[in-house]
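Please assemble the complex out of the two chains, which come individually in their own frames, going by the hints.
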Amino acid sequence: MAMKDFTNASDVCWQDVELGAVVTTPGSASVRRTGDWRTERPILDKEKCIKCGLCWLHCPDAAITPLDDGYFEPDLFHCKGCGICAAICPKKAITMLEEVEQ
Amino acid sequence: MSKRVVLEASHAVAEAVKMADVDLIAAYPITPQTHIPERLAEMVADGDLDAAYVPVESEHSAMSAVLGAAAVGARSFTTTAGQGLELMHEAVYVASSHRYPIVMAVCNRALSSPISIWCDHSDIMSCRDTSWIQVFCLNNQESFDMTIWAFRVAEDPDVMFPIMVNLDGFTLSHVTEPLELPDQADVDKYIPKYNYRLALKPEAPSSHGCFGLPEIYTEVKLAQEFALRASRPIIDKGWEEMSAMFGRSYKAIETYKGEGAKTLVVTMGSLGETAKMVVDQKREQGEAVGHLNIRLWRPFPFADFRDAVKGVETLVVLDRAISFGGPGGPVASELRSALYDVENKPKIVGFIGGLGGREIDAETFAYMIDRGNEIAKSGSDYLYEPILVRGLDTGTGVRG
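So the sequences go chain by chain: A and B. Mapped onto my numbering, the consecutive letters of the first sequence carry residue numbers 11 to 112. Mapped onto my numbering, the consecutive letters of the second sequence carry residue numbers 23 to 422.
Chain B on its own, in the form it takes in the complex (with noise of 0.2 Å):
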């Protein structure tokens, strides 16, 4: 029987990873994705979790350790963050380009300078292409689920990828909130034993992370881009069975009152919580506005997104991550492109906001739907709208 449970998101997380029975932990704790590696360290200590936690020196050194584990073919997890996430960037490319099967709960926090210990998506932006998968929750009941989802699709033979588990920074990893936990012999069944094919062991020798000349380094690089993409059944599959054993179901691209709808707002993580409140606001005062979550980051789900914007005349996208110099807020800019040789497209006004923790409350998301439907009317040359920046006057934005 499942159990209902009160739990912080970090514990979540950390209960997760337990019932996952992973072989090795290396971890830095950094705020706010403290509450995670101090919870498993202490199932490790109390023999709640049999595993081995690597109290590492830095975050460089947690992705270095969780890599060795993950060659010699043990279930592997590490966490981190902001700062810590940016540490650990070049080691970050190396599980990826190895196929190991890392899970790495990230919750998200600004980037320095100045140092911020609040949410945003800068850290995570800087990873958007270093080939793992990434998914990101709105709620501890998502923490948990997309934890054990990660295990489950990453080791399957036909994916064998890293995953992300995007939680954001405080406003998720530190709230505390009822969930249902399932039973173990269930999470057994949906986790397979995990067998590594090519695992490091003296009586069959191989070679991890070879030299790669010009004339061999480009296949080796298209061979992990299509098998990235082709990793999209199983992500799907992995959801699926989640729905039939659990009963709760996830999509990479999930739509709330997107029937009928003119606009969509889009996010990605825990405000999607907020934004859908405020969708049930607008619906109830007669307008026809749905949300629209991202929740799968990479690969990115270009035909369902296509899919669910098909009538839709507005997207209004909220980034919380600044591309200096760029094309606008990341999201948007991607979906802009995504969406670049479809006919009859939605318009996407990108807004810029939630940076370092700031709050974007129901009010901002109003406002930011209103504001939406206005310009997608009127037309504007900016490429996107910072909110709630002082001096900066309303409705005035970045132009390129």
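Looking at chain A on its own, in the form it has when it is part of the complex (with noise of 0.2 Å):
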């Protein structure tokens, strides 16, 4: 019954609504991908980066993701590409390519 059965909107009957539209499973939002209204996605140049994370501190949606080595990735999974990494980045080692048509 509850809309927490489904990843994806897109699969909801009117049926499966829960009363309310009250959503049961917290957190769901992370399984929404909201990625894909992007048109420009941040390149990181390995070569530049010095670590600093200022990029992951100042991304607005929690979609950089820090990695062991220490780097940190965009995660185009949530990423809206806004390009506020690329602007914040002290070394100019984020640049924002174009989303052309695959």
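Hints listed in this document are in silico derivations from the structure and should not be mistaken for laboratory results. Heads up, the beta-carbon is just placed ideally off N, CA and C, and yes, glycines get one too. Relax, there's no trap hidden among the hints.
Here are the computed distance ranges between Cβ atoms for each label pair: (1) A:Pro36 <-> B:Ser80: 26 to 36 Å; (2) B:Asp151 <-> A:Leu107: 39 to 49 Å; (3) A:Lys101 <-> B:Leu244: 49 to 59 Å; (4) B:Thr416 <-> A:Trp24: 45 to 55 Å; (5) B:Ala252 <-> A:Arg51: 44 to 54 Å; (6) A:Lys101 <-> B:Ser80: 49 to 59 Å; (7) A:Thr105 <-> B:Lys223: 44 to 54 Å; (8) B:Tyr404 <-> A:Pro36: 52 to 62 Å.
Not close to chain B: a few residues of chain A, all C-beta gaps over 10 Å, as computed: (9) Ser40; (10) Asp71; (11) Gly80; (12) Glu108.
See the structure below:
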């Protein structure tokens, strides 16, 4: 009955909607792909990156993931391409690359 | 034992809210609703009612506060009128979309401008499509009964919709009449203990009022639409139980002297009492006239209405609101729409009157019935006829 059984809103029929459209699974927003309206993607140049983490700190959508080796990687499932990471990077290690039709 | 008391309708509503043992009241005083929150604040202050009373700074906040209370499963009540209902408007939709069983008494009042504190139905008509269950009262007893009924029905797991109890400002809200108050024990039996399955609580986190993208919004709204229409059996059950326990019967559509009637005068709200008196007079004069009261405005009782008007030739409908530039009074145009596909349907003659507290007396009802019968025979190209308008000749109306 609850929407929690679905990861994709397009699979939900009206009968599946929980009373009042209440969402009973905390954190379920993370399963939703919000990266699909991006027009530019951030590209990291590891040669220039000093692992300062400012991109991770400033990302408004928590879409920069810290890696074990100390670098930071954009999470393209959620990244909306706002470019804040590129703008904040003190070493200009992130460039925004236009998304093109595959 | 029930007891016979004399109360103002506003105080009868407050008494019902107290007997329903609400957990939270949030309200902003506005004429002509003021006596309801005043009395409830007194009850809380005196320790007669164990509830939180939130004296909010506006009606928008009143509705927002009861939304919060309802989200944690508290039995919640608010009340407003006219401009107040308009100010809380966006939050009114949230209550029904979240499926919170909030009860709100609305003392119907005309809308500005010009500023009017007096009764008409323009405030409630702007809430027609808010997905609240909406009922109208004719007298003080009904104001009490509909309020306890509202808690009983709203909180039913098969309903879970908020309910507006409409009582005409001043002409009902400020009228003092005798009524019967039931035993507290009976009210406790009538309104079962409320347990909200999805109440916000740390041990079972949930999100209320989430974002709805285009691929889900339609399904959510249709689920709400189907649920509101499916609430009808419980709405009726609430009245049947009331009849069994308290001996007073109510129906979605009520007719008075409807048997064999060729003409029915249709009203919603307290003017029905005047209309019934005129029906008595007309019957004595040998005219086949009856009265039809729309108690349940939403979800609209289509089948009951069509049944009630079978064999009737003319419906004389009084609207207390203007649908500016629209198809006539809101009630008359809905009734027309309800009968559009029905064969041998009655002719609907729409009148608009009683705006901003203008009195509609027995003589006016008698005129409307006579004029309605005349138009039913002669035909008319008017959408409706406004009544008692200075400068407008009697028998002329508004064309589309």
